[in-house]
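Turn these sequences into a full structure, and let the hints steer you where they fit.
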Amino acid sequence: MGSLAFDRVTVRYGERTAVAGFTEHVRAGEWLCLIGPNGAGKSSILRAVAGLVACGGSIDADGQALAARTTRQRAALVAYVPQVPELPDDMTAWEYVLLGRNPYIGYFGRESRHDQALVGAVLDRLGLRGFAGRLLGQLSGGERQKLVLARALAQQAPILLLDEATSALDVGHQQQALELVDQLRVEHGLTVVSAMHDLTLAGLYADRLVLLHQGHVVSAGPAAHVLRPETLSEFYGASVTVHTDDDGTVVVVPRRRREG
Amino acid sequence: MNRRSWYGWFAAALALLGVAVVLGAMIGPAGAVSRANWHIVATVRLPRVALGGLVGGTLALAGASYQGVFRNPLVDTYQLGVGAGAGLGATVVMALGITGSRMGLSAGHAWPIVDPLPLAAFLGGLAAVFLTYVVGASFGGNRATLVLAGVAVTSLALAVQALILQRNNDVVRQVYNWLLGSLSSASWSDVRLALPYTVVSGAVLMAHRRHLDLLRVGEEEAQALGAPVRRIRLTVVVAATMATAAVISVSGLIGFVGLVVPHVVRMLSGSSYRSVLPISVVLGAAFLILVDIPGRALLHGAEIPIGVVTAMLGAPFFIVLLRTRQAAV
Chain A
1 MGSLAFDRVT VRYGERTAVA GFTEHVRAGE WLCLIGPNGA GKSSILRAVA
51 GLVACGGSID ADGQALAART TRQRAALVAY VPQVPELPDD MTAWEYVLLG
101 RNPYIGYFGR ESRHDQALVG AVLDRLGLRG FAGRLLGQLS GGERQKLVLA
151 RALAQQAPIL LLDEATSALD VGHQQQALEL VDQLRVEHGL TVVSAMHDLT
201 LAGLYADRLV LLHQGHVVSA GPAAHVLRPE TLSEFYGASV TVHTDDDGTV
251 VVVPRRRREG
Chain C
1001 MNRRSWYGWF AAALALLGVA VVLGAMIGPA GAVSRANWHI VATVRLPRVA
1051 LGGLVGGTLA LAGASYQGVF RNPLVDTYQL GVGAGAGLGA TVVMALGITG
1101 SRMGLSAGHA WPIVDPLPLA AFLGGLAAVF LTYVVGASFG GNRATLVLAG
1151 VAVTSLALAV QALILQRNND VVRQVYNWLL GSLSSASWSD VRLALPYTVV
1201 SGAVLMAHRR HLDLLRVGEE EAQALGAPVR RIRLTVVVAA TMATAAVISV
1251 SGLIGFVGLV VPHVVRMLSG SSYRSVLPIS VVLGAAFLIL VDIPGRALLH
1301 GAEIPIGVVT AMLGAPFFIV LLRTRQAAV
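Order-wise, the sequence lines are chains A and C.
Going by our numbering, 87 is the number at position 87 of the first sequence; the sequence numbering is gapless.
Positions in the second sequence are counted from 1; adding 1000 to them yields our numbering.
If you are wondering where the hints come from, they were derived from the structure by calculation, not from laboratory data.
There could be a bad hint or two in this list.
Said to hold, decoys possible - Each pair of labels, with its calculated beta carbon distance range:
1. R113/A to R1231/C: 26 to 32 Å
2. V1151/C to V84/A: 26 to 32 Å
3. L1148/C to Q83/A: 40 to 46 Å
4. R1231/C to G39/A: 55 to 61 Å
5. F1139/C to Q83/A: 45 to 51 Å
6. Q83/A to Y1007/C: 47 to 53 Å
7. G130/A to F1139/C: 42 to 48 Å
8. E234/A to M1206/C: 57 to 63 Å
9. A1144/C to D89/A: 15 to 21 Å
10. F1139/C to Q214/A: 53 to 59 Å
11. L1180/C to A168/A: 33 to 39 Å
Stated by the list, open to error - Short derived list, chain A residues pointing at chain C, Cβ under 10 Å:
12. L52
13. G57
14. S58
15. R74
16. A75
17. M91
18. L98
19. S112
20. E234
21. F235
22. D245
23. G248
24. V251
Stated by the list, open to error - If you want the footprint, here are the derived chain C segments under chain A, 3+ residues with CB under 8 Å:
25. 1211-1220
26. 1268-1274
For glycine and all other residues, C-beta sits at the position ideal for the given N, C-alpha and C.
Here it is in structure tokens:
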């Protein structure tokens, strides 16, 4: 459950081609991370999977085309966490997480006892039970981020898309959130496709990295393969040193450019 | 959590509505209810109470629905141009003299089968709200541009209406009385005229409460959660406009009910549309019945039109809302 196959996926915004013929296979339970400079097409790929932007080519989930499914069926397969989620200040945490159950409720239906119980279980799992009745506007950035994950989890979709979902958090909260995603991935066998800017964190959590540049894949594979100084210099225009720790962790460190 | 706590507020609103109905039936120039004035109670006061409740409840429900679908707490019938558009539609029908409702009776013959007044008001209102939406969206579609687009559409509709009135002097007084918004000549036939439209569209709006909550996280996220956003938006706008047009055609333009009532409800019972919609209906009905009482009791023979009363209460409220929201956004 949850494998994802991209076949020559193309996304265009008017004249501009954001993604050009992206072909990739993501195994069920795998964590694939899309990296690349701003405008490389990372978000567009995620948005195409979520059905928020039209695309050429095809995206199959478990061997079936996503485009052939209704909006609701797709939402039961794919949970999407945007870069800047919209959290209404005057909505309670419980109401917010309950929205994740929408794919399982008919157009004129309402949440069942099962839906309510599941939301309770998700909040328990993330240690958020105490926040259930609180308004979103009263919560901290870290708590809000967790609630967005809780909503995605309540969606019970085998595929989780994270679009820079942790970029706004400090290093501690970022680590906690990614650690949580990884635990949930293992517990529920989730397939995770994320877009990330922090290359060290990307290499630390993802099984595989795909480096995009102007809509094309320019490098793909494990962190040690993709995160090389000459590659990053070429496509990010960045000057970096790459260290490999004893445990195999790849660390990308920016370097000052010295003139003359 | 506490998803059932709003039932208490709903019950309280129902109790207030009960009080409003009793007071509405009891108070009037002919004194309290007795055997002697029962005829007045049944043919003058009760239809007026029923119409007030129907109009108030519908305007509050439609206002809350517009706010949900446009994700903007500042919009209502007036701000979206629906009132002016419906007014223009109704003016056309009155100028042509083809309406059977009380506003049109003096102008010409009664329309035999289906009265065209609500239909014309509906089409006018619908055209206006779509124009407002398109214009507002083309300038960025934020809260302020939507309201400004509504102002522009309202001005346009009023200008066309003025042109029509200038060429049809005979209906000026009739249209003007209607524009002020009044329940003063309410009859059971007015209630019958508006009821079918409001019941149908009210049921549709009520059935979309959960969807309005989904839209609160934005169009994209709602869609990613599996909500058919376009269908929801279109259905809700059409239903809310139909309900609004139906009551506007029998009561005229009564402003600010749809703005004030849902806002008060949100402050009391939380902002989930699950509770905002049903409580707004009941509280809106109670509000308009109660507001109508002093207008007819205080000045014998010279009533204050209810649209004037609600505007006097609502306009300052809107300004306060604008200030606080500006700080929040």
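Hints, one by one, checked against the model:
| no. | hint | verdict |
| --- | --- | --- |
| 1 | R113/A to R1231/C: 26 to 32 Å | 28 Å, holds |
| 2 | V1151/C to V84/A: 26 to 32 Å | 30 Å, holds |
| 3 | L1148/C to Q83/A: 40 to 46 Å | 29 Å, violated |
| 4 | R1231/C to G39/A: 55 to 61 Å | 33 Å, violated |
| 5 | F1139/C to Q83/A: 45 to 51 Å | 25 Å, violated |
| 6 | Q83/A to Y1007/C: 47 to 53 Å | 38 Å, violated |
| 7 | G130/A to F1139/C: 42 to 48 Å | 43 Å, holds |
| 8 | E234/A to M1206/C: 57 to 63 Å | 59 Å, holds |
| 9 | A1144/C to D89/A: 15 to 21 Å | 19 Å, holds |
| 10 | F1139/C to Q214/A: 53 to 59 Å | 32 Å, violated |
| 11 | L1180/C to A168/A: 33 to 39 Å | 52 Å, violated |
| 12 | L52 | 5 Å, holds |
| 13 | G57 | 20 Å, violated |
| 14 | S58 | 19 Å, violated |
| 15 | R74 | 7 Å, holds |
| 16 | A75 | 3 Å, holds |
| 17 | M91 | 6 Å, holds |
| 18 | L98 | 9 Å, holds |
| 19 | S112 | 13 Å, violated |
| 20 | E234 | 33 Å, violated |
| 21 | F235 | 28 Å, violated |
| 22 | D245 | 37 Å, violated |
| 23 | G248 | 35 Å, violated |
| 24 | V251 | 34 Å, violated |
| 25 | 1211-1220 | holds (count 6) |
| 26 | 1268-1274 | holds (count 3) |
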